[in-house]
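Just so you know, the sequences run in chain order A and B.
To convert, note that position 118 of the first sequence is 118 in my numbering; the numbers rise steadily by one, no gaps.
Position in the second sequence counted from 1, then plus 257, gives you my numbering.
Just so you know, these hints were derived from the structure itself, not from any lab.
Incorrect hints may have been included.
Below 20 Å or equal to it, Euclidean Cα-Cα: the simulated EDC-like pairs (lysine to aspartate or glutamate) are [stated by the list, open to error]: (1) A/K196 <-> B/E326; (2) A/K132 <-> B/E328; (3) B/K289 <-> B/D310; (4) B/K366 <-> A/E99; (5) A/K140 <-> B/E328; (6) B/K356 <-> A/E162; (7) A/K171 <-> B/E351; (8) A/K195 <-> B/E363; (9) B/K266 <-> B/D293; (10) B/K332 <-> B/E363; (11) B/K378 <-> A/E152; (12) B/K378 <-> B/E399; (13) A/K196 <-> B/E328; (14) B/K366 <-> A/E157; (15) B/K332 <-> B/E351; (16) B/K375 <-> A/D199; (17) A/K196 <-> A/E212; (18) B/K375 <-> B/E363; (19) B/K375 <-> A/E162; (20) B/K329 <-> B/D341; (21) A/K140 <-> A/E157; (22) B/K380 <-> B/E364; (23) A/K155 <-> A/E138; (24) B/K404 <-> B/E391; (25) B/K320 <-> A/D199; (26) B/K413 <-> B/E391; (27) B/K332 <-> A/E185; (28) B/K404 <-> B/D386; (29) B/K378 <-> A/E185; (30) B/K320 <-> A/E212; (31) B/K330 <-> B/D310.
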Amino acid sequence: MLSRLVIVSASTAAPNSLKGSGPLGAGLVQASRSLHTSSQSLAPVPPLPETGGKVRHGIIPEELFQMLYPKTGVTGPYMLGTGLLVYLLSKEIYIVNHETLAAASIGAVIIYGVKKFGPSVAAFADKLNEEKVAKAQEVKDLAMTSLTQSIEDEKKEQWRVEGRSALFDAKRNNVAMLLETNHRERLHMVTNEVKKRLDYQVALQNLHRQMEQEHMVNWVEKSVVSSITPQQEKESIAKCITDLKALAKATQAKATA
Amino acid sequence: MAGRRVALKAIDWVAFAERVPPNQRGMFNALKTRSDAISAKLTSLPETPAAIDWSHYRSVVAKPGMVDEFEKKFKALQIPEPVDTQTNAINAQEAEANKSAAAYIEESKGRIAQYENKLDKFKNMIPFDQMTIEDLNETFPETKLDKVKHPYWPHKPIADL
């Protein structure tokens, strides 16, 4: 828990960081220069341990128990502690007086306070630190994604540029097509004009012949009509009447038969 | 009137369309519609005009030498191919475009190198929870506190806290 407090103070940009930068910097540089002659190197700094050393009953480090275990077993350190305490009290090396009671009361209050509020304070400090780290991490992630995105975009733009030849091919194609169209149009125009001329001649001839034909027919008709004399007319009418009478008789006979 | 060489290069409009950036799409659409119109016009015209039936005309037309004269002149007529004035301009444009494209690609590569440098810096950074304040100042120089300008804690204007 104490280590967490240390980290909080270090990350609030106070100059007294763990590695001694700041007012001690000048003197420490010479010291660290001579230290660097050993094979061990200090950078990169190994991460700080998450929790402190293990302790039993809040004060006594676990290493004592481990050290005494082979010789005295599990109860060894407790016996040592009890014996030490009894020795101090009986030999009056430690005298019980008013201060003892004060120390006991203060100790009780402190222990109660730490036990009750310790975890929440620790969590709060952790949260502060987490937020700082998360912010920095966010900045880093954002920067990395934007950089990769920019690289992607640049590559895409390069790919786009490669397609520029198609534009010019299209333009040249257009020009060639226009020229070809023009040429063909001219060919067609020539042919059509020649054809039109020849057709005109043919039509002209046909018209001529038609007119001559009509004129001749009219003239023949007119001359024939004018050549019919009144005498001939009377004769032809009488003949027609007799023919009609004969026809009528014939049909009557057929009808009754 | 000889037949024509068909010097048209097949253009893949789909691939071309993919490469067009969005801000030039209008120009591309205009080009495409123009090209399509021109090619439609071209395909609607037959390559050679219908042949004239000389024998038929010879038998029909009364005037003796007329058809023969027409035929002779018709066959002797050469229609010149239209002059191509634009292809050189287009080639010049293309050369210039190639040059500017090469320059752009160079610049782009430079930019990519820059971006990759920065990216590598981020990738090879030590994780934040293993950094000290010194390491932080090295990696992000803007976090370094100016102890000369503001000699007293917090070494930056109060407003920046």
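A quick look at each hint next to the structure:
1. Restraint check for A/K196 and B/E326: satisfied, since their Cα atoms lie roughly 15 Å apart, inside the 20 Å limit.
2. In summary, the hint linking A/K132 to B/E328 is not supported, as the alpha carbons are separated by about 98 Å, beyond the 20 Å threshold.
3. Our distance criterion of 20 Å between C-alpha atoms is broken by B/K289 and B/D310, whose separation comes to about 41 Å.
4. Among the hinted pairs, B/K366 with A/E99 is inconsistent with the structure: their alpha-carbon atoms are about 78 Å apart, more than 20 Å.
5. Proximity of A/K140 to B/E328 is assessed by CA-CA distance (about 86 Å); at most 20 Å being required, the pair is judged violated.
6. About 12 Å separates the Cα atoms of B/K356 and A/E162, which keeps this hinted pair within 20 Å; it holds.
7. Among the hinted pairs, A/K171 with B/E351 is consistent with the structure: their alpha-carbon atoms are about 10 Å apart, no more than 20 Å.
8. For the given pair, A/K195 sits about 62 Å from B/E363 by alpha-carbon distance, which is inconsistent with the 20 Å threshold.
9. About 14 Å separates the Cα atoms of B/K266 and B/D293, which keeps this hinted pair within 20 Å; it holds.
10. Our distance criterion of 20 Å between C-alpha atoms is broken by B/K332 and B/E363, whose separation comes to about 59 Å.
11. Restraint check: the Cα-Cα separation between B/K378 and A/E152 comes to about 18 Å, which is no more than 20 Å; the hinted pair holds.
12. With a CA separation close to 15 Å, the supplied pair B/K378 and B/E399 stays within the 20 Å bound.
13. A threshold of 20 Å between alpha carbons decides the hint, and for A/K196 with B/E328 the separation of about 14 Å falls inside it, so the pair holds.
14. For the given pair, B/K366 sits about 11 Å from A/E157 by alpha-carbon distance, which is consistent with the 20 Å threshold.
15. For the suggested pair B/K332 and B/E351, the alpha carbons sit about 41 Å apart, so the restraint of at most 20 Å is broken.
16. Restraint check for B/K375 and A/D199: the C-alpha separation of about 83 Å exceeds 20 Å, so the hint is violated.
17. A distance of roughly 24 Å separates the Cα atoms of A/K196 and A/E212; the hinted pair therefore is violated under the 20 Å criterion.
18. Between B/K375 and B/E363 the CA atoms are separated by roughly 19 Å; this keeps the pair inside 20 Å, and the hint holds.
19. Between the alpha carbons of B/K375 and A/E162 the distance comes to roughly 27 Å, so the proposed pair goes past 20 Å and is violated.
20. Between B/K329 and B/D341, the direct Cα distance comes to roughly 30 Å. Violation of the 20 Å bound is thereby established for this hinted pair.
21. Of the pairs offered as hints, the one joining A/K140 and A/E157 is violated, with about 26 Å between alpha carbons and a cut-off of 20 Å exceeded.
22. Note on B/K380 and B/E364: the hinted pairing is violated, with a Cα-Cα distance of about 24 Å set against a maximum of 20 Å.
23. Of the supplied pair hints, the one linking A/K155 and A/E138 is violated, its CA atoms being roughly 26 Å apart against a limit of 20 Å.
24. Distance hint between B/K404 and B/E391 is fulfilled; the C-alpha atoms sit about 14 Å from each other, no more than 20 Å.
25. A threshold of 20 Å between alpha carbons decides the hint, and for B/K320 with A/D199 the separation of about 13 Å falls inside it, so the pair holds.
26. As the CA atoms of B/K413 and B/E391 are separated by approximately 17 Å, the hinted pair is consistent with the 20 Å bound.
27. Only pairs whose Cα atoms come within 20 Å are accepted, and B/K332 paired with A/E185 is accepted, the gap being roughly 17 Å.
28. Straight-line distance between C-alpha atoms of B/K404 and B/D386 comes to about 25 Å, which puts the hinted pair past the 20 Å bound.
29. Of the pairs offered as hints, the one joining B/K378 and A/E185 is violated, with about 67 Å between alpha carbons and a cut-off of 20 Å exceeded.
30. At roughly 18 Å between alpha-carbon atoms, B/K320 and A/E212 fall within 20 Å of each other, so this suggested pair holds.
31. The straight-line distance between the Cα atoms of B/K330 and B/D310 is roughly 15 Å, inside the 20 Å bound, and the hint therefore holds.
The structure does not agree with the numbered hints 2, 3, 4, 5, 8, 10, 15, 16, 17, 19, 20, 21, 22, 23, 28 and 29 stated previously, though it agrees with the rest.
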